[in-house]
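4 protein chains.
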Amino acid sequence: MSNSFGKIFRLTTFGESHGVAIGGIIDGCPAGISLDLDLIQSELERRKPGQSKIVTQRKEGDIVNFLSGIFEGKTTGTPIGFNIENTNQKSKDYSHIKDQFRPSHADYTYEKKYGHRDYRGGGRSSARETACRVVAGAIAKQILGELGISVHSFVKSVGNICLEKPYQDLDFSLIDSNIVRCPDSVKASEMIELIDQTRKNGDTIGGIIQGVVKNCPVGLGEPVFGKLHAELGAAMLSINAVKGFEYGSGFEGSKMLGSKHNDSITIENNNISTTSNNSGGIQGGISNGEDIYFNVAFKPVATIMQQQESLDKNHKKIIVEGKGRHDPCVLPRAVPIVDAMAAIVILDNYLINRTRTL
Amino acid sequence: MSNSFGKIFRLTTFGESHGVAIGGIIDGCPAGISLDLDLIQSELERRKPGQSKIVTQRKEGDIVNFLSGIFEGKTTGTPIGFNIENTNQKSKDYSHIKDQFRPSHADYTYEKKYGHRDYRGGGRSSARETACRVVAGAIAKQILGELGISVHSFVKSVGNICLEKPYQDLDFSLIDSNIVRCPDSVKASEMIELIDQTRKNGDTIGGIIQGVVKNCPVGLGEPVFGKLHAELGAAMLSINAVKGFEYGSGFEGSKMLGSKHNDSITIENNNISTTSNNSGGIQGGISNGEDIYFNVAFKPVATIMQQQESLDKNHKKIIVEGKGRHDPCVLPRAVPIVDAMAAIVILDNYLINRTRTL
Amino acid sequence: MSNSFGKIFRLTTFGESHGVAIGGIIDGCPAGISLDLDLIQSELERRKPGQSKIVTQRKEGDIVNFLSGIFEGKTTGTPIGFNIENTNQKSKDYSHIKDQFRPSHADYTYEKKYGHRDYRGGGRSSARETACRVVAGAIAKQILGELGISVHSFVKSVGNICLEKPYQDLDFSLIDSNIVRCPDSVKASEMIELIDQTRKNGDTIGGIIQGVVKNCPVGLGEPVFGKLHAELGAAMLSINAVKGFEYGSGFEGSKMLGSKHNDSITIENNNISTTSNNSGGIQGGISNGEDIYFNVAFKPVATIMQQQESLDKNHKKIIVEGKGRHDPCVLPRAVPIVDAMAAIVILDNYLINRTRTL
Amino acid sequence: MSNSFGKIFRLTTFGESHGVAIGGIIDGCPAGISLDLDLIQSELERRKPGQSKIVTQRKEGDIVNFLSGIFEGKTTGTPIGFNIENTNQKSKDYSHIKDQFRPSHADYTYEKKYGHRDYRGGGRSSARETACRVVAGAIAKQILGELGISVHSFVKSVGNICLEKPYQDLDFSLIDSNIVRCPDSVKASEMIELIDQTRKNGDTIGGIIQGVVKNCPVGLGEPVFGKLHAELGAAMLSINAVKGFEYGSGFEGSKMLGSKHNDSITIENNNISTTSNNSGGIQGGISNGEDIYFNVAFKPVATIMQQQESLDKNHKKIIVEGKGRHDPCVLPRAVPIVDAMAAIVILDNYLINRTRTL
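Chains as they are written, first to last, in my numbering: chain A, 1 to 358; chain B, 1001 to 1358; chain C, 2001 to 2358; chain D, 3001 to 3358.
This is chain A alone, in the form it adopts within the complex (with noise of 0.2 Å):
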């Protein structure tokens, strides 16, 4: 059940890094959807390696294949398989750490859970398990496009450069206008030449991506363990490196007085809204027809161009050094994951809530 997210719109992922394929069925997704497959691949193309100088120069085709589910260009409410092959497949740049367990990677925990691992590229754990979520949510995301729904991610900080500027006052379309995926570009410049820098060093940087849903109707999401804001957390959270999650106020708004939080209910035109929004779109679990906003921390990649100590599979103390083509900093590529998760979500609520009334 754990490689499966979503109740209603449900995905359901398999693959390793270095295995034939990877992939994923999407079930209960709406029949009768035209979906724009170009769009989708064109989502996975901002997912993947080898895009800029800033993230790793591994390369991969990230060709996804429909296999069902869409028929003369419409869903037709069966599964939706697909997947993506590994055509990267050089196992022989894993060999060397066969038998190592890298600090603050998966290796450890994985050999002692399952007596038994893929090593080869962290294997199941490799982040290259992501490119189906991106499938599996811009399927979503065009789904809730209809819906007059949207989902905006971007880079809001990397170590400790960050956005100053409050998300209303970005341009959500400058996103995609420089390779950090950063909608201010003196911030954009700051942030290349910080993780420029620590590529060179040999090593690797952490930050944080914020994602912005508007226009989400009223009523979306489920008291009470399936509250909006749970779903999206444990969305991110299951991200790799993902360290944090937080949405409105956030760990702010924890420093702050009621009088100074609250947010009061208005109407203008017959339009209910709030004159703040520390809410963040959501109340009592509930989506409240304000912006949905939140905050994710990635931390830095763990796989660095220096030497650390750690163990071998036989607990013999050994330096590990990683080689190859990495990234140093998974803030770029990580945005359209971000996007795609909260777009699973938001679709997933949308369609649950249609069953709450008759």
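The reader is advised that the hints may include incorrect statements.
Selected chain D positions facing chain C (in silico; Cβ < 7 Å) [as the list claims (entries may be wrong)]:
| hint | residue |
| --- | --- |
| 1 | S3104 |
| 2 | T3109 |
| 3 | K3112 |
| 4 | K3113 |
| 5 | R3124 |
| 6 | G3159 |
| 7 | V3224 |
| 8 | N3269 |
| 9 | G3284 |
| 10 | N3288 |
| 11 | I3304 |
If you're looking for bench data, these hints aren't it; they were derived computationally from the structure.
On a predicted model such as this, the values are computed, not experimentally measured, just so you know.
All C-beta atoms in this analysis are idealised placements derived from N, C-alpha and C, irrespective of residue type, glycine included.
Got chain A sorted already, so can you dock chains B, C and D onto it with the hints?
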């Protein structure tokens, strides 16, 4: 499905703040466990209203009645049904809010989602529901205790008053030594003073609870969507008033370099451990045997004793003012809830893990 | 998870025959439904012990108490918690079977599975649990009623006495006109006589219940594992004492030629229908608008007033003899249970189907 | 969710008869199992079209490709992704039925449910999907084999030709000794003759498959909705063309007296057993260590080579006549499917049962 939590050890809850009773069903509790029912009741006492001057002065007996699943003092493996009567149903207290949408409450979203709601005391959106989680969590804690695993939650900050010591320097036996449940008597006094002052101002204040799981075995947690920290995050974010979750290095980790963030693995006297623990005891979503620690951010309580602008059911502008007995700060009473949800997640994953090898 | 049934409209039950109470939680009931609570109680009366001379003379009040989820007469969309107190806890009645494994009861399997069991009256394995299903089913039936869908179950056979008329020739309004719940007064008299004679012999007898769903809309049921008849089958097979399920042509259909079995599709006055209904209203797992009908086979009750060889807990050979008040035939009381489970399945699939197109 | 089966050992499938490929994902397969991939393929050969004169002469390679979850010959505990290419996509064969609603097929129900369907070869409603179940079942069978548990299915009847011997008197090693898969050579010849004659008449015929699980440990199955036979029933009823399921005494048991039906429990040489087995190896939904046996009724295949009245998409009356290569009787090819579904249910319950005690 949204009122259930957990996969194998699974809690389903029901109940409104001012209905007849709240309660729940625990399905999948292992058979043959001797339960100390007094310990369960004592966890409820930690969550109970009226326990000190810094929490709501509302009185509720909060006596749990077990109805099934326990026979001759031991669990039978069949569902444990329980309820807690609502002895304090002062419905008239709430008639004044019958038609109001209180700011930053769930009144508006419930009304729009369901077209109809139990307005008394927040109905289902009331934090009263969490008493049921405390019951299930207290059972989970006892079972974890038999396995040598312990869960420790405490108040880390209230407003801007924050513990500076890392949790390793705290004495968890002091958590309940003061009414705010902060195991540092100096900070605790400051927090109590702040809450008391806030209450006198008719205001409320937020804060952070930290949770620590000690002696968790290696191997709990499931790739890829069932990562242990994703389940902990979902659990915590489902608690009323929670705005954020982070584990290990958390949001601070997003500013770090990989070379500083990585946890080297070492061995001493046949004990494998990491020399630092930015991973927060979880790598690739699977526990590695180190302490699991996390922070949970709570917003200030929405009900304040001040005038606020809002709308009523007919979308007319109104002035709302809190009445009655409310918490100026939810943190002291939320400590056993965080304990409970953490215990449920760990036990559930412990049981699931038993199915992963033959 | 095994004490829950349904995906959207989801019932979870708890309780042992001689515990404090049995009860359940209904999650996912649509909001805004006006419920007639008397109708729910009257369905319980149909299942209640002591209702006639051909059922157990045990007395249970079987009064359902609703604890949540209903406000001002209407469902709120939040979980409906309810319980039924066990007023007839004559535990001493059962002390003689404390250490016995009664033939064809669940004593032995529960003991071996869980290592410990509530032996009183069968504990969790008692059919008393089904009262909770009747409560949920009575709610589902009311909601289906608003949609124009009706469910009709009746006793088709007891032992070798079997209705010869097809259900189309029966008057469902007569189902409750006799104590065996067979809508054919001649056959009913024979059945009652057979059950009465069987009871006098200290024996028990099985039979078949037929269920019919009328006016089910086209499109309910989900390929491939969620076929409507697979869910009906799972529902019926989960009822105590059930040994078989068939729908439409059923086992007889296995002897037929395709040319005789196929149901031609035709149209008259814009109404599409089939000229025969061997499909039982379901094609490819999806309702086609025709009547859904099915048979459920019940074995004879295991408790008989005769001596039988068996073992005790210590694996010593013993002679077991039934005592107390037991049903000579479970069929009359099982009719509302079949009704209930069918209604839950149909409503659940009705709600799910609303998510299959935008 | 409806394209998934199983709770811990969980299969999700995708694919249409004439799409690019069919396939599936097995989540929750225990790690460290050495799989014999040839055995899996050989199970597929048993289901494959074209294998004998009494099945469809359509040709499909039905070669399974494993894409993940197996490394160095052993399962890794991560999802096993696989596909089977549709090499025989003769879409033109089906253009004539594009707008037809074939009698007793799912054409009409899919069209009305989804508003759009892949009409080629039945699309998702084709029994081709069951090849994926055979793959998962073959893996489950291997794992059960390591536990000493075996599953045996065979054709018990075709039309009115029925095995008279109880399964205990059959030699299961003869199941595959003839093309109809009935382990009694005399009956098998009669069945083959009947099928062949039926085929020549352009007609089809149904039948019954019996399944037997030997050496199942005591304790598998979960009260109350997860009864082992309820899960077996749901599994079997989800197979195309199945109309009924019964276990143990089944429908015949409904005619019996309790005094004849009850299975006495006895002990010999420390082996506990029952002197009869009307319970079919399951009491109270939990396996008791005796043989589990059940019958599955299949209707005749809907596609016949005769003229039938029906409607087209525009609701005009038409004459439908089968073309191409179809099965005159689905039974011989359904034997491995019944095997597969039984194996999945037993393994899944074996794994779940490991969580029921500490």
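Structure-based check of each hint:
1. A hinted interface residue such as S3104 of chain D counts as satisfied when its beta carbon comes closer than 7 Å to some beta carbon of chain C; here the least separation is about 4 Å, so the hint holds.
2. The interface hint given for T3109 of chain D holds, since its Cβ lies 4 Å from the closest Cβ of chain C, which is under the 7 Å cut-off.
3. Evaluation of the K3112 of chain D hint against chain C yields a held restraint, the C-beta minimum of about 5 Å falling below 7 Å.
4. Interface hint at K3113 of chain D: satisfied, since its Cβ lies 4 Å from the closest Cβ of chain C, which is below the 7 Å cut-off.
5. Hint status for R3124 of chain D relative to chain C: holds, with the closest Cβ pair at about 6 Å, below 7 Å.
6. Annotation: interface hint on G3159 of chain D holds; nearest CB of chain C at approximately 5 Å, less than 7 Å.
7. With a least beta-carbon distance of about 6 Å to chain C, the hint placing V3224 of chain D at the interface is held under the 7 Å criterion.
8. Evaluation of the N3269 of chain D hint against chain C yields a violated restraint, the C-beta minimum of about 12 Å exceeding 7 Å.
9. With a cut of 7 Å, the hint placing G3284 of chain D at the interface with chain C holds, because the nearest CB-to-CB distance is about 2 Å.
10. The interface hint given for N3288 of chain D holds, since its Cβ lies 5 Å from the closest Cβ of chain C, which is under the 7 Å cut-off.
11. For I3304 of chain D, the interface hint holds, since its Cβ comes within 7 Å of a Cβ in chain C; the closest pair sits about 4 Å apart.
Hint compliance for this structure: hint 8 alone is broken.
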